Amino acid sequence: MAGYIARRLLQAIPVLLGTTFLIYFMVFAMPGDPVVALFGDKTPPPQVLEAVRERYNLDKPFIVQYLLFLGGIFQGDFGVSFSGQPVSEILAVTFPVTLQLAVLAVLIEMVFGITIGLVSGLRKGGIFDASFLVVSLILISLPVFVVAFVAQFVFGIQLGWFRTTVGPGAPIQDLVLPAIVLATISFAQIVRLTRASVIDTGGQDFVRTAASKGLSRRRIVPVHILRNSLIPVVTYLAVDFGVLMVGATVTEGIFNVPGVGRTLYQAIIRGEGPTVVSFVTVMVLIYLVINLLVDLLYAVLDPRIRYAK
Amino acid sequence: MKIKRIGVAAIALAAAGALTLAGCSSSSEPEAPAGDSTAIITTNGSEPQNPLIPTNTNETGGGKILDSIFAGLVYYDGEGAPHNDMAESIETDDAQTYTITIKDGQTFTNGEDVTAESFVKAWNYGAALDNAQLSSYFFDSIEGFSYDENVDELSGLEVVDDSTFTVTLKQPESDFPLRLGYSAFFPLPEAAWEDLDAFGENPIGNGPYMLDGEGAWKHNERIDLVVNEDYQGDRQAANGGLSIIFYATQDAAYADLQGGNLDVLDAIPDSALSTFQDEFGDRSVTQGAAIFQSFVVPDRLAHFGGEEGKLRRAAISHAINREEVTDVIFSGTRTPAHDFTSPVIDGYSEDIPGSDVLEYDPELAKELWAEADAISPWEGSFQIGYNADGGHQGWVDAVTNQIKNELGIDASGAPYPTFAEFRTAITDRTIETGFRTGWQADYPSLSNFLGPIYVTGAGSNDGDYSNPEFDALINEGLSETEVEAGIEKFQQAQEILFEDLPAIPLWYSTVNGAWGEQVENVQFGWNSVPLYYEVTKSE
Chain A
1 MAGYIARRLL QAIPVLLGTT FLIYFMVFAM PGDPVVALFG DKTPPPQVLE AVRERYNLDK
61 PFIVQYLLFL GGIFQGDFGV SFSGQPVSEI LAVTFPVTLQ LAVLAVLIEM VFGITIGLVS
121 GLRKGGIFDA SFLVVSLILI SLPVFVVAFV AQFVFGIQLG WFRTTVGPGA PIQDLVLPAI
181 VLATISFAQI VRLTRASVID TGGQDFVRTA ASKGLSRRRI VPVHILRNSL IPVVTYLAVD
241 FGVLMVGATV TEGIFNVPGV GRTLYQAIIR GEGPTVVSFV TVMVLIYLVI NLLVDLLYAV
301 LDPRIRYAK
Chain B
1 MKIKRIGVAA IALAAAGALT LAGCSSSSEP EAPAGDSTAI ITTNGSEPQN PLIPTNTNET
61 GGGKILDSIF AGLVYYDGEG APHNDMAESI ETDDAQTYTI TIKDGQTFTN GEDVTAESFV
121 KAWNYGAALD NAQLSSYFFD SIEGFSYDEN VDELSGLEVV DDSTFTVTLK QPESDFPLRL
181 GYSAFFPLPE AAWEDLDAFG ENPIGNGPYM LDGEGAWKHN ERIDLVVNED YQGDRQAANG
241 GLSIIFYATQ DAAYADLQGG NLDVLDAIPD SALSTFQDEF GDRSVTQGAA IFQSFVVPDR
301 LAHFGGEEGK LRRAAISHAI NREEVTDVIF SGTRTPAHDF TSPVIDGYSE DIPGSDVLEY
361 DPELAKELWA EADAISPWEG SFQIGYNADG GHQGWVDAVT NQIKNELGID ASGAPYPTFA
421 EFRTAITDRT IETGFRTGWQ ADYPSLSNFL GPIYVTGAGS NDGDYSNPEF DALINEGLSE
481 TEVEAGIEKF QQAQEILFED LPAIPLWYST VNGAWGEQVE NVQFGWNSVP LYYEVTKSE
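Just so you know, the sequences run in chain order A and B. Numbered according to full-length UniProt numbering, the first sequence terminates at residue 309, and the numbering increases by one at each position without gaps. Numbered according to full-length UniProt numbering, the second sequence terminates at residue 539, and the numbering increases by one at each position without gaps.
Please note: incorrect hints may appear among the correct ones.
[To be verified] If you want the footprint, here are the derived chain A segments under chain B, 3+ residues with CB under 8 Å:
1) 50-60
2) 155-168
3) 269-280
These aren't lab readings, by the way, just hints derived from the structure by calculation. Treat the numbers as computed from the prediction; the structure is a model and nothing was measured. We treat Cβ as the ideally placed atom computed from N, Cα and C, and that holds for glycine.
Here chain A stands alone, though its shape is the one from the complex:
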């Protein structure tokens, strides 16, 4: 097990190097000069442009810029944004907010999705099952910004149950509404996944064996059916969590959440290479760790799964 983890972590190094290089290259290759754009519709004298470029190392060739950046990262220095703030500080402020939002959303979709999916699966074809199939179909086909705007208008402005956008310091109660919005779409997917998986597992030999052994339904459902149905659901949840951690740009924008997605979007628009690459580096790391955790979790859920030495 330890060997497996170590090997996975070692594999992460080339992945990280490769992604940062690619991202850096892509940001660099983005057409247009971010320094020119800093001046809006006005054209500054070329000497001023040159001086500003020099200040941000933007006058150096691509590979030199990349190596300077990489060297910085190994010393824990992620560079400085145009507004003079160390990127590591921006990371430290925005990631916790997005983490809270992601955890909330995943919790909501997990609790409701798995419960409803389980009930639907056990009562296949019933009225409960049928109505949630329709509901989930509707939710899946709705774009997230529609859900977000409607939720903001109804619950924030009309009813006043929630703050319309996230207030100072991004307190957790303000994150509930955006989290619900983020959860709705994945919730529908999880209902369907759980339902299908529960139906599939319910027909397996070991479930019939357990039933014929005389085990109670209360024991069969959670231990034999649910646990064995969760592998695809957990995989989906993990991927979803990863996606949410990388920042829900649209939802964060609508609710003005000072998180990763909004900040990254702004950095891309302003062409701030170091900020973009540092964010993406951390995101890749998070993705790798989450994937590793999920792989380890499989063994817990299904003891038949073993890891090669």
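Position chain B against the provided structure of chain A, taking the given hints into account.
Just chain B now, kept in the frame of chain A:
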């Protein structure tokens, strides 16, 4: 479950400050302005692109904050007229050498006096090429300024004594005092020079507001300002402070205004443009802005040089129905242009001779186009370049369609994916089509709309326009010491522009804003930013 959150510390601080002020004349109660003088006004903003250093800030996100926490030699009132702020007097005989006296007893919030040195050092820093300040070109008319080598001290700036300094310009420029309210000309305290990077994070100013302690700038989230009780100028705050919340989208800000979490909003999102007036009624405003929009068809393009180019530009201008586009595409939030400046600027006129070239006249357009064809027959396609990330497609398509229909030629928009790419193509002159341009005035003066854009070799002369007659008139206008005489010259200069059309004027922007039920006295300044210090709020 609406949660109200007021900076308690901010109120305590402001209240303590109010006590000190009252202490000066302990016998009389301080006069309470209408509304609650401790209430914090919340408003929308955006994360400053640069550290909060006056000479390195050239966008509205940072500008709005700097204008509140700093005071320059002059400030602009709602109409854009300059009034002395830190300056006691600004005197000149020849519009070239200015003697500036600073009011006694003005201080920065760290207790330092505002002296002649505070201005001169800040300007020298801003002007020096090595410091790569974004607003360095604002100093280029001061004697000694150079783009080719680093100059640490401008020879045109001379400190006479603690409260007096002189400015010598390279040539007479009568509107120089008008510029002094722009943020690039703000003073800096000695404390700034110890560590300018740290200063940019926690700036110390001399304006009506100051930062609410260290770290009041919460990046990507908000900045909290409280009243600076030591400020003695005219811009006395009628409220207890200002919280500028950074929004990524205007829609989010508008939702907050509707939800009662925001007091003053100075930009209405496109989605609400047609409804906000009904919703907010007399708590909303639509007024002219100092923003001029146009497109440039450079001389260097085939068929647009010399006499042929003049005819073709005039034909294109006559082919555009500006009224229709501003009504249909912009639902009245733009007003058709009648000149090259803006209606909010002193001296603006709708009746400059030659301005009829902006009138929609398809017959004349066809005639002029045919005349140009007689010189050299037209071929190819006419295009207007624009950045696709700025909401320009609608009007570009409308305008090029009008040109296509009226002139019977092939015309279309030429989108660039990003603003950076678009501006880069314009700056290195690789763009081979017409292109959209815009100008937002930095200071309320006609010459600011003309000099930097159309004078030969000027910084923002993206079309490389050159006309010695025009250059001469601008120079003459700048050397007039009487404002009226200057305006006359600038209007004559515009007559030349109407003949040559170095840019084809389209329309002026308007600013749209709205505010909540609790606030009053909201007035928008000439630069479309609300005069926050006047706003009052009742609980």
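For the stretch 50-60 of chain A, do at least 3 residues have a Cβ located nearer than 8 Å to some Cβ of chain B? holds (count 4)
Counting residues of the stretch 155-168 of chain A with a beta carbon closer than 8 Å to any beta carbon of chain B, are there 3 or more? With 10 residues in contact (Cβ-Cβ under 8 Å with chain B), the coverage given for the stretch 155-168 of chain A holds.
Stated coverage of the stretch 269-280 of chain A by chain B [criterion: 3+ residues, CB within 8 Å]: holds (count 3)
The structure fails none of the hints (numbered hints given earlier).
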